[in-house]
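There are 2 protein chains.
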Amino acid sequence: LGSEAEIIERIWKRLPICPTRRGWLSLGPGDDAAVIGGGPRAANWVLSSDAFIQDIHFVSEVFAPEDVGYKALARATSDLAAMGAVPTFFLMNLVLPDGKTGRWLDGMLTGMARAAREFGMVIIGGDVAKAGAIAIHLTVGGSALHGRVLERSGARPEDGIYVSGRLGEAQLGLELVLRRLHKTAAWRRLVAPYLRPKIQTVLGRWLASEGSRQARRPGSAIASAAIDTSDGLSSDLSHICEASGVGARIWADRIPAVRVPDGLLRKGFNPLELALHGGEDYQLVFTVRRAMEWSFPKSRGGVALTRIGEVVDVRNFARRHTKARIELIDAVGRGWPLVAKGWDHFRAADGR
Amino acid sequence: LGSEAEIIERIWKRLPICPTRRGWLSLGPGDDAAVIGGGPRAANWVLSSDAFIQDIHFVSEVFAPEDVGYKALARATSDLAAMGAVPTFFLMNLVLPDGKTGRWLDGMLTGMARAAREFGMVIIGGDVAKAGAIAIHLTVGGSALHGRVLERSGARPEDGIYVSGRLGEAQLGLELVLRRLHKTAAWRRLVAPYLRPKIQTVLGRWLASEGSRQARRPGSAIASAAIDTSDGLSSDLSHICEASGVGARIWADRIPAVRVPDGLLRKGFNPLELALHGGEDYQLVFTVRRAMEWSFPKSRGGVALTRIGEVVDVRNFARRHTKARIELIDAVGRGWPLVAKGWDHFRAADGR
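Line order of the protein sequences matches chains Z and D.
Here the first sequence is numbered in this note's numbering, starting from 1 and rising by one per residue.
Here the second sequence is numbered in this note's numbering, starting from 1 and rising by one per residue.
Derived from the structure by calculation, the hints contain no laboratory data.
Since we're looking at a predicted model, the values are computed, not measured.
C-beta atoms are modelled at their ideal positions from N, C-alpha and C, and glycine is treated no differently.
Wrong hints could be hidden among the right ones.
[Stated by the list, open to error] Listed below are the simulated DSS-like cross-link pairs for lysine-lysine, each with C-alpha atoms no more than 27 Å apart in a straight line:
id : chain 1 : residue 1 : chain 2 : residue 2
1  : D       : LYS13     : Z       : LYS130
2  : Z       : LYS341    : D       : LYS130
3  : D       : LYS130    : Z       : LYS13
4  : D       : LYS323    : D       : LYS298
5  : Z       : LYS267    : Z       : LYS341
6  : Z       : LYS13     : Z       : LYS267
7  : D       : LYS13     : D       : LYS267
8  : Z       : LYS130    : D       : LYS341
9  : D       : LYS183    : D       : LYS198
10 : Z       : LYS298    : Z       : LYS323
11 : Z       : LYS183    : Z       : LYS267
12 : Z       : LYS198    : Z       : LYS130
13 : Z       : LYS130    : D       : LYS267
14 : Z       : LYS323    : Z       : LYS198
15 : Z       : LYS130    : D       : LYS298
16 : Z       : LYS183    : Z       : LYS198
17 : D       : LYS341    : D       : LYS198
18 : Z       : LYS13     : Z       : LYS298
19 : D       : LYS267    : D       : LYS323
20 : D       : LYS267    : Z       : LYS198
21 : D       : LYS298    : D       : LYS183
22 : D       : LYS323    : D       : LYS198
23 : Z       : LYS13     : D       : LYS13
24 : D       : LYS341    : D       : LYS13
25 : Z       : LYS198    : D       : LYS13
[To be verified] Counterexamples of contact, computed for chain D against chain Z with all Cβ distances above 10 Å:
id : residue
26 : ASN93
27 : GLY268
28 : ARG290
[Unchecked claim] Rough simulated footprint, nothing fancy, chain Z against chain D, three-plus residues with beta-carbon under 8 Å:
id : segment
29 : 131-142
30 : 158-168
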């Protein structure tokens, strides 16, 4: 009973929420993170919380304790990157079984400290408890200068749609683990993006900035909307479309999909499927106004930025595809509705 | 291996922390909550996070879903009360087993909404996941006007030590449940303080204010230090003593202990033991400068405020009692070292 989205909707419906953009709360629930505080000269705080639970969010036997600590903080902080905020602090509720309070804990903290230094964050509070399975619940905070954040709701028809890096790499790693192929020497390195994702904090901060002087819209950010690919492109781009009231048209042959070795292609691994529906890459999907596109770079700080399609008017769009918000154009130019098939805790059958 | 305090110490030691009172962070880990942000005219935000887990923090069979929701938010928010902050918002990471996503969830949210309205809070974000046991991880935020918060470290020798309300009531309720006495009609109502604690947000806010014009120290708060009784008086007052570098002398016959019916006294329930070591009352323990005491009220907003002792110089004190920071004076005037015997997750044998 109840998908993840339905459960979240019931939470927002039954608990008191604040009308957005009023007083101290400038962005309420429903985006990657909430935005609080701040007059015009003060920095706003961006807050997000995230759960990382043994055998739900990570397969404990393949994760070294250092990987657990690193990934827990990375995935939580990716929501700040998607908002264009500068990661600053975190609080941790740590739940540990009896046998994990010694060396395991030290290793986990070492990995987490590495991530914290990389992102520029300090811990400011938390809680510890004992239970049967490892759970790391983090609330992360970042600052958004001048109150400018990248929301999901800013996409407009004719905007270009971009993704950073490659998509499907983490899902390939996870499926190698689930299919017990991760110990094969030739494929072992393909698991790394699943264990230690790179997150796009520097890119997010740039996308939230005003960019170069040539930009025609001073005061507004380079990107008009953004989200991180935590659930998978088909789900995450759908979130932007729903929040913005638009549709999207993307081209299959433009999507920068994971490179799959021949040996795995023969086993049925499909790069496009992995790229469209695989989660946990923590890349950014973002939209850019057409007027900003003429000078848009192909990469930034060593991270490829690929234009995969454009935002379309949802009114034309809805007539053709009843439920999908995204149209996928295949190699011969035919359009297909792309239904969100990303991760849903309360729908999924297999543990991840 | 490792008590709760040792585990927390390892976390602070291995993860990057910020030197307190520098830049945006005015109070780091180690108090009831952290304080961030805010120039002189802006309100500071006070943040704290707290875990509430089935069969660890609550005995699920006696908790109605409404009680779970109410208590989860109340106990987290009590840390804001102890800082004198005005509760404002929260984020929730909610972990649910399959069978709890329907009516149970609705009931839990109803209880939580009741608490949120009572305290004046809205939800601004969170995460949901599926797992075997119910877990509610909350990060609560409140505002501290003019940056004034009640820290643990402000107690000085000669300050008076006060407690609000009665102590030991929640522990009595818990022990009735554990000893299967909670269904007896005459004692059923004694379980309520364990299921739905009253928290002291209004009192905390007043203790952090400047108080009346007669107060002799404009700019400083009414209380010099404060903490909530979540672990029990012996533990929580020890925290104040350690953070402040002082000792405490308290009188057994002044402690406002839970009223225990004769039938339970005969079964061995000891009011003083319950009051000294019982947790989860969420009352406030606070200290007041001697100069402020002459006009100090006996109650505030219907909540009794009882002077139970005074802060003493730890140098004299340490000579007599090696480990304890607190001296308990019994009914005939003898002094006894009072060792902290409150709740510790990694030391406790029985589940709570």
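| request: Any hints from earlier that this structure breaks? Give me their numbers in increasing order, please. | output: 4, 6, 7, 10, 12, 13, 14, 15, 18, 19, 20, 21, 22, 23, 26 and 30
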